[in-house]
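Using the sequences provided together with the hints, build the complete structure.
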Amino acid sequence: MRKVRASIIGFGSVGQGVAEVLLRKGDELKSLGIDLDVVAIADSKGSEVNLAGIDLKAALGRKREFGTVAIDDLTGEDVIKSVDHDIVIETTPTDIETGGIGLVNMVAAFEFGRHVVTSNKGPLALKYRELVEAAKEADRKLLFEATVGGAMPIINLVRDTLAGNEILSVEGILNGTCNYILTRMMEEHASYEQMLAESQELGIAETDPTYDVEGIDTACKLVILANSIFNQDATYQDVDVTGITKVTLESLSLAYDEGYVIKLIGEVKKDRLRVSPRLVPASHPLAVGGTLNVASVSTDLAGTITVTGRGAGSIETASAILSDIISIYKD
Amino acid sequence: MRVSMDIELKDTPGQLLLALNPISELKGNLKSIVHHHEERTPRSTIPVQLVFEIEPANLEVLIGRLEDNGIGVARVDEKRFTAHGAVLLIGHIVHTDIQDTIDTIDKTGFAEVVNISLSMPQIDMRSSASLKIDAVGKNELHEAISVLRQVAIKKDLVVIEPIEAEIS
Numbered sequence: 001m002r003k004v005r006a007s008i009i010g011f012g013s014v015g016q017g018v019a020e021v022l023l024r025k026g027d028e029l030k031s032l033g034i035d036l037d038v039v040a041i042a043d044s045k046g047s048e049v050n051l052a053g054i055d056l057k058a059a060l061g062r063k064r065e066f067g068t069v070a071i072d073d074l075t076g077e078d079v080i081k082s083v084d085h086d087i088v089i090e091t092t093p094t095d096i097e098t099g100g101i102g103l104v105n106m107v108a109a110f111e112f113g114r115h116v117v118t119s120n121k122g123p124l125a126l127k128y129r130e131l132v133e134a135a136k137e138a139d140r141k142l143l144f145e146a147t148v149g150g151a152m153p154i155i156n157l158v159r160d161t162l163a164g165n166e167i168l169s170v171e172g173i174l175n176g177t178c179n180y181i182l183t184r185m186m187e188e189h190a191s192y193e194q195m196l197a198e199s200q201e202l203g204i205a206e207t208d209p210t211y212d213v214e215g216i217d218t219a220c221k222l223v224i225l226a227n228s229i230f231n232q233d234a235t236y237q238d239v240d241v242t243g244i245t246k247v248t249l250e251s252l253s254l255a256y257d258e259g260y261v262i263k264l265i266g267e268v269k270k271d272r273l274r275v276s277p278r279l280v281p282a283s284h285p286l287a288v289g290g291t292l293n294v295a296s297v298s299t300d301l302a303g304t305i306t307v308t309g310r311g312a313g314s315i316e317t318a319s320a321i322l323s324d325i326i327s328i329y330k331d
Numbered sequence: 001m002r003v004s005m006d007i008e009l010k011d012t013p014g015q016l017l018l019a020l021n022p023i024s025e026l027k028g029n030l031k032s033i034v035h036h037h038e039e040r041t042p043r044s045t046i047p048v049q050l051v052f053e054i055e056p057a058n059l060e061v062l063i064g065r066l067e068d069n070g071i072g073v074a075r076v077d078e079k080r081f082t083a084h085g086a087v088l089l090i091g092h093i094v095h096t097d098i099q100d101t102i103d104t105i106d107k108t109g110f111a112e113v114v115n116i117s118l119s120m121p122q123i124d125m126r127s128s129a130s131l132k133i134d135a136v137g138k139n140e141l142h143e144a145i146s147v148l149r150q151v152a153i154k155k156d157l158v159v160i161e162p163i164e165a166e167i168s
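If you're matching them up, the sequences are chains R and B in order.
Under this note's numbering, read the first sequence as residues 1 to 331, first letter to last.
Under this note's numbering, read the second sequence as residues 1 to 168, first letter to last.
Hints were generated in silico from the structure; no laboratory data involved.
Please note: incorrect hints may appear among the correct ones.
Reference listing, derived: stretches of chain R covered by chain B, where coverage requires no fewer than 3 residues with Cβ under 8 Å from a Cβ of chain B [said to hold, decoys possible]:
1. 244-252
2. 262-271
3. 274-284
Each residue gets a CB set at the ideal place from its N, CA and C atoms; glycine is no exception.
Next comes the structure, spelled out in structure tokens:
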């Protein structure tokens, strides 16, 4: 049995999902030879540290009741630097301008010789090379399946299962909010504005939906795919981005008459990174509805492989994080 | 372009090769060949139907070479457009000179707009159009869509293209 001490840095929806999943899957982890203790949890107000292992159920309860787990004033960065542990589960919110606190946390983690498993897109979309280098130098792992497609396996699918294949392109729907809005516009014969309002009411879209509907979120995911799968050194500036805000109900109807649906498609090829609304034949595997994500990986040997799944959600994203954690200690 | 051609061969050995060699010499791509060996034309020749892809400029040269080889060319049917695609436009499509937009495709010589459906909800609101484009081949279809993309940027129109799998 291998003793693993972890911190959860960022205790919002994803961080809490990770805590819940670890509670539920403790026995499964033990059966794989991993005895995992969470020794620190940090949120924006402070942190809890317990080297004997935090009672996750109590921590979740306290978070729900008081809005924070904070018992002392240590920040996430302080925890990473001062608490002895093996793996940092970095689930702070994405900052796509600067990488934000997530970037600081990841850099600190490698500096102190800890693995990083993350759902945070910002640092990876902005500083992929530097982070990979830092991980290599520290001889630690940087795993980020949760950053693209939530529960839908894509990075690990390509890296492990499709190993040996040359990847020619990846095409897919990587943002559930846009998929929901476009699907509902057609179902309800309603305008973009109406369905945006509905998704905001349901909590599917943020109050400020720019990040999703302008294609920025999808573009960040493409950058992560381009860098990790195609070994490029791409940044957000390299992506040609058009969002869904100009898609009209009439265009959806015209497309429908020709046997197509309109989806916000992210496309990665060696020479092109593009996010744009595209015509997808209604019977094509990429034509999934609702908030689903989907990706088609085109390869030289295996042909085209398509995966679909829930692209967001606390437990779903935590599932991707859990599989990354397991993959570190299975090796 | 794709060509379907009826030719007539003399009933002596090596005739089929004389018919097929010029096609490959001119970088044609043979798609099908039906050899009616048991049939005879009134001229006692053997009818053969060929379907192949060839550069339009090479078709006349090919016919000449076949005739030089003593092969009778009975019928030539060009099917110019083999690739078909749909594209949507959103924006002030009519007010930005729809004729000009269509012309940029038609003027390429290798692609044409063959159908357009327009939906204009209200004056001053953005309209939507679906265009069907025929092209002589897949590459030309890609090129036509790319030409349209350039025009659309100038006219502030959104182009919704098919996914890659649809046109490759």
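Exercise. Which hints from the list above does the structure break, by number from lowest to highest?
Worked result: Structure breaks no hint.
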